[in-house]
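Q: As a plain string of letters, each chain reads:
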Amino acid sequence: MSGIRIVLEKCVGCGLCLKVCPVNALIIDKNKAVIDYDKCTLCGSCVDSCKFEAIKILRKTITDNDLSNYKGVWVFAEQRDGEISSVVFELLAKARELAKDLDTYVGAVLLGKGIADRAQSLIHRGADKVFVADSDNLEHYISENYTKAIVSLVDKYKPEIILAGATTTGRSLVSRIAVNLYAGLTADCTGLDIDKDKKILIQTRPAFGGNIMAQIVSPNFRPQMATVRHKVMPESENNISRVGEIIKENFNENDLDGRIKFLDFIKEAIATVNLSEANIIVSGGRGLQELKNFKLVEDLAEVLGAAVGSSRACVDAGWIPYSHQVGQTGRTVCPKIYIACGISGQIQHLVGMQSSKTIIAINKDPDAPIFKVANFGIVGDLFKIIPLLIQKLKEKPKCLAV
Amino acid sequence: MNIIVCIKQVPDTTDVKINPETNTLIREGVDSIINPFDMYAIEEAVRLKERFGGTTTVLTMGPPQAQDVLREAISLGIDKAIHLSDRVFAGSDTWGTSLILSKAIEKIKDYDLIICGKQASDGDTAQVGPGIATHLDLPQATYVRKIDTVHLDTKPNVIIVERLLEEGYEILELQLPALITVVKEINEPRMPSLRGKMKARGAEIISWNNKDIDLEEDRIGLNGSPTQVIKIFTPPHKEGGKIFKGEPEEIVNELVKEIKDLL
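If you read the sequences in order, they're chains A and B. The first sequence begins at 1 in the working numbering and counts up by one. The second sequence begins at 403 in the working numbering and counts up by one.
Same shape as in the complex, but just chain B:
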């Protein structure tokens, strides 16, 4: 079973602090990490490979420093890493990004399953996974919390997955190749092994630019992207709230009054 995992390098939000004077984000010295949801995608791919064999490939698009997350993925058990980097990719929105990733996946060719995290922690869109599935015309299941069964002896091959919804979950059967996006509940990611870390250090990272995937430049980057960010601002700061201290009886009486006003 050949699996492709799409990941994104994001700023570590635990490090993000707000400058109280200017009310802007301080990004200086913020570490970059693998998007937290992508860790579950990587782990699921490695587990499937351990059960069914095949090759796992991790794919990311981003500036040169994004190579770091590819090495980390290898240390976690992924076999192959591909880095998509080109100045013409910069400024792509989710439409352009999913097109670029899908072109690279077409070039990789031989795959059964694509796994993405449910969304990235910086943009929070959850649009790139389904976007890739649409560009490639593949069936999709988003918010997957469990892969119940994998049938590789049937024609066509299928997987049965549980999809987490607001009020419960649904069970879907998908023909392979397919794309899934995963939520945290699906597994518990392992720590990198010492052997994995050694392997990652020396591993070859395959680098592709736009010449390798051959996309028209007016479909990607700033020009090809339908959406434009016109303004970024910090939300109005919450006023300091009211603090109640003292005897529980008194505090609760005051609080009940406030709750009553709110209802």
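Bound conformation, chain A alone:
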């Protein structure tokens, strides 16, 4: 039997649970909380809100899956044109920690064409074993083919954990793999730890645009899978004396999905620095007033070696392409420094950038909501501040090695 119930002896009718229920499935009747089972989605918000442990979620425990055969912490080594994405090095550093707690090895999965020579670099960065499938059929990322390749590796080697970057590729790929394997998958994690008693992966992730955090586990299914947000975890060191094993695997021609074809890749001209990989992002908002002023943001970004971001207002006004939009309907970013220029800080923008390590806001309105999340708030006229800032930063070029 599974489901949710109120422990009547413990419930004091305080009503805290009503306030957190996203679907209004709770009412107070005769001083006790009552659940409307037609509305309840079993999300668990009320369980955590109750100070009296009066709400319980019950689930059937599954014990018949034999999980002890699964060993190893794997990382998907995302690459484009042979260049390994930097998120992979972040994953390898985390995988080493997890593998230590589980007393197991770190594996990396490298798929592509003509990429076999990159395997050694993954060992230098922390992998003990690298599984390589080098094939013409894997030249371009195609979810269906990459899924087939990885699922057959998992069936063969049975890793207990698989991590991938929460990139457009990583998210689309592991969603398919997890469904294929009937495995648990947690998106966009910002924290990963091992529960040392149960030897399972505890995955922490933001939800509701970072307004709440959730901890998620997948105790009865293997592998435990997660995508991990870029730039949250430190990269592993490059140690060229590390040794490991390279295991070559073939891609089975029969696994090729003929229903989907890669035709072309077009690199976007303005995206000289990739938003999700950038250490620094300079973003512009409505406060720039018109298209020609957006150049201020681009100039500041250039002197800092930063990527250029934007609020929705500037994208809607046609000042900059959509791919630069940060926020709820754009990208979620997490750079070391986020500089918001003339951005008031509507909630839809904040949810896309509030987990940045340091936020600097420049705005003339001292009451702008952006200042509530800013580590450094500059109240002033950006048309005076930014040119001065560019000038001063140019005077100190040595500190800007990014």
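None of these hints come from the bench; they were simulated from the model. Here the structure is a predicted model, which means the values were calculated and not measured. Treat the hints with care, as some may be off.
Claimed, not checked - Quick list of in silico lysine to any residue cross-link-like pairs, SDA-like style, CA-CA up to 20 Å:
{"no.": "1", "chain 1": "B", "residue 1": "K613", "chain 2": "A", "residue 2": "T41"}
{"no.": "2", "chain 1": "B", "residue 1": "K451", "chain 2": "B", "residue 2": "Y513"}
{"no.": "3", "chain 1": "A", "residue 1": "K392", "chain 2": "B", "residue 2": "F635"}
{"no.": "4", "chain 1": "B", "residue 1": "K659", "chain 2": "A", "residue 2": "G305"}
{"no.": "5", "chain 1": "B", "residue 1": "K511", "chain 2": "B", "residue 2": "G570"}
{"no.": "6", "chain 1": "A", "residue 1": "K336", "chain 2": "B", "residue 2": "E568"}
{"no.": "7", "chain 1": "A", "residue 1": "K19", "chain 2": "B", "residue 2": "F635"}
{"no.": "8", "chain 1": "A", "residue 1": "K39", "chain 2": "B", "residue 2": "V490"}
{"no.": "9", "chain 1": "A", "residue 1": "K261", "chain 2": "B", "residue 2": "T457"}
{"no.": "10", "chain 1": "A", "residue 1": "K267", "chain 2": "B", "residue 2": "I573"}
{"no.": "11", "chain 1": "A", "residue 1": "K39", "chain 2": "B", "residue 2": "K662"}
{"no.": "12", "chain 1": "A", "residue 1": "K56", "chain 2": "B", "residue 2": "I607"}
{"no.": "13", "chain 1": "A", "residue 1": "K384", "chain 2": "B", "residue 2": "I435"}
{"no.": "14", "chain 1": "A", "residue 1": "K394", "chain 2": "B", "residue 2": "S609"}
{"no.": "15", "chain 1": "A", "residue 1": "K39", "chain 2": "B", "residue 2": "L664"}
{"no.": "16", "chain 1": "A", "residue 1": "K364", "chain 2": "B", "residue 2": "G648"}
{"no.": "17", "chain 1": "A", "residue 1": "K392", "chain 2": "B", "residue 2": "K662"}
{"no.": "18", "chain 1": "B", "residue 1": "K633", "chain 2": "A", "residue 2": "K364"}
{"no.": "19", "chain 1": "A", "residue 1": "K19", "chain 2": "B", "residue 2": "I435"}
Dock chain B against chain A, hints included.
A: Relative to the frame of chain A, chain B by itself:
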């Protein structure tokens, strides 16, 4: 061209406020809306139907009040609405949810394209779209920013789409039936017309429960879902930052010092 759009009812995050004393979300009185990304999915389906004919069907899973978003979809030009609702669906994670939706799509049968928003604004997982494609064994293209071409006179039928990536975009050709998830750049959703609103008010919403799609209960809901939420908490509140006011020259000098320390 028959199109199915999967949508989700979510809390309107513009309304979400944080109680400064307890540091928890105040959800009381928060309105529910169609997930913002699903608006682009609906619009794209309606546009394709206007060009190529066929039927558009919108599908959602959720408690009874989720019917509201189906009516809204009809007011925006969708032809048919199906509501999946059953207590045994509650507690499904993305694995279970994509299984339930894919079973319903199998029951609808006659379709060429499934469109989803790139992700939902409450869960932010982006996993259900690819999950449905996998359960149905369909080719997928996520983060689609443009449908370049639709060939309905070839065998098999194909579409060519542009997929938005971090550093640019790629062009893919998919055989139909296929599933795509869309980003905001793909179109500009229309407002509901008066005629649409009238139609939505009287429209029949088809309701299916688990008997209609016949899934084993141990594969869905809490028990069938591989992931479990063990704790929900509010992230540590950001300390009030440092505010600089005064002469631009002075402010900038101080700021440059701070930036230098950070680099």
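Q: Hint by hint, note whether the structure agrees.
A: Each hint tested on the structure:
no.	hint	result
1	B/K613 x A/T41	holds, 19 Å
2	B/K451 x B/Y513	holds, 12 Å
3	A/K392 x B/F635	violated, 42 Å
4	B/K659 x A/G305	holds, 17 Å
5	B/K511 x B/G570	violated, 35 Å
6	A/K336 x B/E568	holds, 18 Å
7	A/K19 x B/F635	holds, 15 Å
8	A/K39 x B/V490	holds, 12 Å
9	A/K261 x B/T457	violated, 27 Å
10	A/K267 x B/I573	holds, 11 Å
11	A/K39 x B/K662	violated, 53 Å
12	A/K56 x B/I607	violated, 34 Å
13	A/K384 x B/I435	violated, 41 Å
14	A/K394 x B/S609	violated, 64 Å
15	A/K39 x B/L664	violated, 48 Å
16	A/K364 x B/G648	holds, 11 Å
17	A/K392 x B/K662	holds, 11 Å
18	B/K633 x A/K364	violated, 40 Å
19	A/K19 x B/I435	holds, 19 Å
Hints 3, 5, 9, 11, 12, 13, 14, 15 and 18 from the list above are not met by this structure, while the remaining hints are.
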